[in-house]
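Here are the chains, one letter per residue:
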Amino acid sequence: MSICSPSSSSSSSSYLTGKALIVHSILAGTAIAVAIGVHAYLGRARKFRTRVVGIIPARYASSRFEGKPLVHILGKPMIQRTWERSKLATTLDHLVVATDDEKIAECCRGFGADVIMTSESCQNGTERCYEALEKLDKKYDIVVNIQGDEPLIEPEIIDGIVKALQAAPDAVFSTAVTPLKPEDAFDPNRVKCVVDNCGYAIYFSRGLIPFNKSAKVNPRFPYMLHLGIQSYDSKFLKIYPKLQPTPLQLEEDLEQLKVLENGYKMKVIKVEHEAHGVDTPEDVEKIESLMRERNLS
Amino acid sequence: MSIFSSSSSSSSTGKAWIVHSILAGTALAVAIGARAYLGRVRKFRTRVVGIIPARYASSRFEGKPLVHILGKPMIQRTWERSKLASMLDHLVVATDDEKIAECCRGFGADVIMTSESCQNGTERCYEALEKLEKKYDIVVNIQGDEPLIEPEIIDGIVKALQAAPDAVFSTAVTSLKPEDAFDPNRVKCVVDNRGYAIYFSRGLIPFNKSAKVNPRFPYLLHLGIQSYDTEFLKIYPKLQPTPLQLEEDLEQLKVLENGYKMKVIKVEHEAHGVDTPEDVEKIESLMRDRNLS
Chain A
1 MSICSPSSSS SSSSYLTGKA LIVHSILAGT AIAVAIGVHA YLGRARKFRT
51 RVVGIIPARY ASSRFEGKPL VHILGKPMIQ RTWERSKLAT TLDHLVVATD
101 DEKIAECCRG FGADVIMTSE SCQNGTERCY EALEKLDKKY DIVVNIQGDE
151 PLIEPEIIDG IVKALQAAPD AVFSTAVTPL KPEDAFDPNR VKCVVDNCGY
201 AIYFSRGLIP FNKSAKVNPR FPYMLHLGIQ SYDSKFLKIY PKLQPTPLQL
251 EEDLEQLKVL ENGYKMKVIK VEHEAHGVDT PEDVEKIESL MRERNLS
Chain B
1001 MSIFSSSSSS SSTGKAWIVH SILAGTALAV AIGARAYLGR VRKFRTRVVG
1051 IIPARYASSR FEGKPLVHIL GKPMIQRTWE RSKLASMLDH LVVATDDEKI
1101 AECCRGFGAD VIMTSESCQN GTERCYEALE KLEKKYDIVV NIQGDEPLIE
1151 PEIIDGIVKA LQAAPDAVFS TAVTSLKPED AFDPNRVKCV VDNRGYAIYF
1201 SRGLIPFNKS AKVNPRFPYL LHLGIQSYDT EFLKIYPKLQ PTPLQLEEDL
1251 EQLKVLENGY KMKVIKVEHE AHGVDTPEDV EKIESLMRDR NLS
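Going down the list, the protein sequences come from chains A and B. Counting in this note's numbering, the first sequence runs without a single skipped number right up to 297 at its last residue. Counting in this note's numbering, the second sequence runs without a single skipped number right up to 1293 at its last residue.
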């Protein structure tokens, strides 16, 4: 009796405990697996791409305008103007000038800019950004490629494209567009852009897009002009310059098409910005008189 | 003693049970997850229906589907060629007119009556789909006014959609003739490096700096044939028109503007659409030249 009852009670209690243990352990195991899955999923949706560097590629050589970054605009080197405006962007953790020339480097250090020396063989600003990124000590999640020849760049545009890329984990690239002037519709030097209803780029073209049946400009359609500023997810920047040129990119001579042709997604923000790129010595005079008119110094 | 040994053995058995059960639970959860994931990449979108929308009214050419081409109604020619496609489980004509319906039943086609108010072929396909008894995964919208449609093109776009679970729409392009480069009635297409559509335009794309046609570039002309995932077709006609669609007057842009993916196959096909009575003569002489009956 006494043997029976303790053994039966111990065996029944251990039996019950055993069954309960099985059930609890299966639940625990499932819960662990689910928790791991949820964490992996949510980990992506967490605030991310937080470390941002702005890079201003500035090369000396140019067929049209040698030493362009150093040209004075109302008494100040153009590269300094671009740098000072970029410094006002709130989303940049760091700002550097990436150049291949000691004169430019010296000038930049003179007004307090950090400088990264890069090779003369860089084919374009993107490659130069990539080279500079590799040479930086710290790690960054987003690289903003700021054109050195847009001295009136608004800091808000830099912040805008950074935030757009931070808010779109599925995009690897972001850029900006502004309203196209009707007189520029058929100018192949003005790049047009079309986007989808969530702000992802569909296509860029030197031809007028969207086109209509009449083959004329529609004065009521809000065409968009692509601006040169762009930001990249740094992991994407590491492979982007190495991707083979693609057919549409080569035919249109538009590097950004390589992104779309390779199936990557690009975010586009709309801004109100009059593009004032300085490509030729004549552009310097134009921009100086514009600045005088608007009382900019 | 016996109690101790039984309790220690039961505690060690208990521990073993805990471990095994945790493993079993984890394995169960992983298996469920894997099945859900793999379930998607299994062979799918297997049930395919071809629909030939055919309406009677037309500003340019009333009763067009019934026009005779070398003695046979155009709709019959389209139907007979479509019947040769191996990927279609079923083929129907969707019309709004009893004369067309009677003609089609006459040569053995299944007919679904649809309303006159359908705005376009896509809406008519959608209405016909709803009226079909069976369920389908893919709907092929076959233009009734391309009587020389090649069955291989139908098969090609179906297979493309079956192989691309992330796409909801597939269509075909062919080589653009240079003389059509600046014709806004010829729709151009650009695709990415895996055959997904990037954009369609009445303007020349890709454009180049010279603003002229590049005789060496393989421009693409969009053909009217399209196939849809049926889940997508159910919402597609209800989506609001989008800005690029309206400006270009190209319905397929609504797909891209809403962020959906579209597969494009390249074929060698001379488009011979019949839009006007003059086109009938053109196609008849072409067929005589090529000994087609």
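Warning: the hint list may mix true and false statements.
[To be verified] Computed list of lysine to aspartate or glutamate pairs in DMTMM-like fashion (alpha-carbon distance at most 20 Å, straight line):
(1) B/K1209 <-> A/E183
(2) B/K1266 <-> B/E1130
(3) B/K1209 <-> A/E127
[As the list claims (entries may be wrong)] Listed below are several chain A residues computed to face chain B (Cβ distance under 10 Å; list not exhaustive):
(4) V23
(5) T91
(6) E120
(7) S121
(8) N124
(9) V194
(10) V195
(11) Y200
(12) P219
(13) F221
(14) L225
(15) P241
(16) K242
(17) E252
(18) E261
[What the hints assert, rightly or not] Far from chain B, some chain A residues (derived; all Cβ distances over 10 Å):
(19) G75
(20) D101
(21) L136
(22) K139
(23) P188
(24) K213
(25) G263
(26) S289
(27) R292
Bear in mind the hints are in silico, worked out from the structure with no lab data behind them. Ideal Cβ positions, reconstructed from N, Cα and C, are used throughout, including at glycine.
For each hint, the structure was consulted:
A C-alpha spacing of about 17 Å is found between B/K1209 and A/E183, which places the hinted pair at or below 20 Å, so the restraint holds. Between B/K1266 and B/E1130 the alpha-carbon distance is near 31 Å, which puts this suggested pair outside the 20 Å criterion. Under the criterion of a C-alpha separation no larger than 20 Å, the hint pairing B/K1209 with A/E127 is inconsistent with the structure, at around 23 Å. For A/V23, the interface hint holds, the least distance from its beta-carbon to any beta-carbon of chain B being 8 Å, beneath 10 Å.
For the restraint placing A/T91 at the interface with chain B, the shortest Cβ-Cβ distance is roughly 26 Å, beyond the 10 Å limit, so the hint is violated. Annotation: A/E120 was flagged as interfacial toward chain B, and the flag is violated, the nearest CB pair being 26 Å apart, outside 10 Å. Interface restraint check for A/S121: the shortest CB-CB distance to chain B comes to about 24 Å, outside 10 Å, so the restraint is violated. Given the 10 Å rule on beta carbons, the hint for A/N124 is violated: about 16 Å separates it from the nearest Cβ of chain B.
Proximity of A/V194 to chain B holds as hinted, the smallest CB-CB distance being about 6 Å (cut-off 10 Å). The criterion of a C-beta within 10 Å of any C-beta in chain B is met by A/V195, whose closest approach is roughly 8 Å, and the hint holds. Contact between A/Y200 and chain B, as hinted, is supported at the beta carbon level, the nearest pair being about 7 Å apart and thus within 10 Å. Because the closest C-beta pair between A/P219 and chain B is about 12 Å apart, greater than 10 Å, the hint is violated.
Taking 10 Å as the C-beta contact cut-off toward chain B, the hint placing A/F221 at the interface holds, the least distance being around 6 Å. Taking 10 Å as the C-beta contact cut-off toward chain B, the hint placing A/L225 at the interface is violated, the least distance being around 15 Å. Violation of the interface hint for A/P241 is found here, the shortest Cβ-Cβ separation to chain B being roughly 17 Å, above the 10 Å cut-off. Interface hint at A/K242: violated, since its Cβ lies 15 Å from the closest Cβ of chain B, which is beyond the 10 Å cut-off.
Proximity of A/E252 to chain B holds as hinted, the smallest CB-CB distance being about 5 Å (cut-off 10 Å). For A/E261, the shortest C-beta to C-beta distance to chain B is roughly 5 Å, which falls under 10 Å, so the interface hint holds. Distance check for A/G75 against chain B: the nearest CB is about 35 Å away, which clears 10 Å, and the non-interface claim stands. Every CB of chain B lies more than 10 Å from the CB of A/D101, the least distance being 28 Å, so the non-interface label holds.
Under the 10 Å C-beta cut-off, the non-interface status given to A/L136 relative to chain B holds; the minimum distance is some 31 Å. Non-interface call for A/K139 relative to chain B: holds, since the shortest CB-CB distance, roughly 30 Å, exceeds 10 Å. Interface exclusion of A/P188 from chain B breaks down, the closest Cβ pair being 5 Å apart, not more than 10 Å. Residue placement check: A/K213 does not keep its beta carbon more than 10 Å from all beta carbons of chain B (closest about 5 Å).
With a least CB separation of 5 Å from chain B, A/G263 falls inside the 10 Å interface cut-off, contrary to its annotation. Separation of A/S289 from chain B is adequate, the least Cβ-Cβ distance of about 29 Å exceeding the 10 Å criterion. With a least CB separation of 33 Å from chain B, A/R292 remains clear of the 10 Å interface cut-off, as annotated.
Figure legend: structure checked against the earlier numbered hints; hints not met, in rising order: 2, 3, 5, 6, 7, 8, 12, 14, 15, 16, 23, 24, 25.
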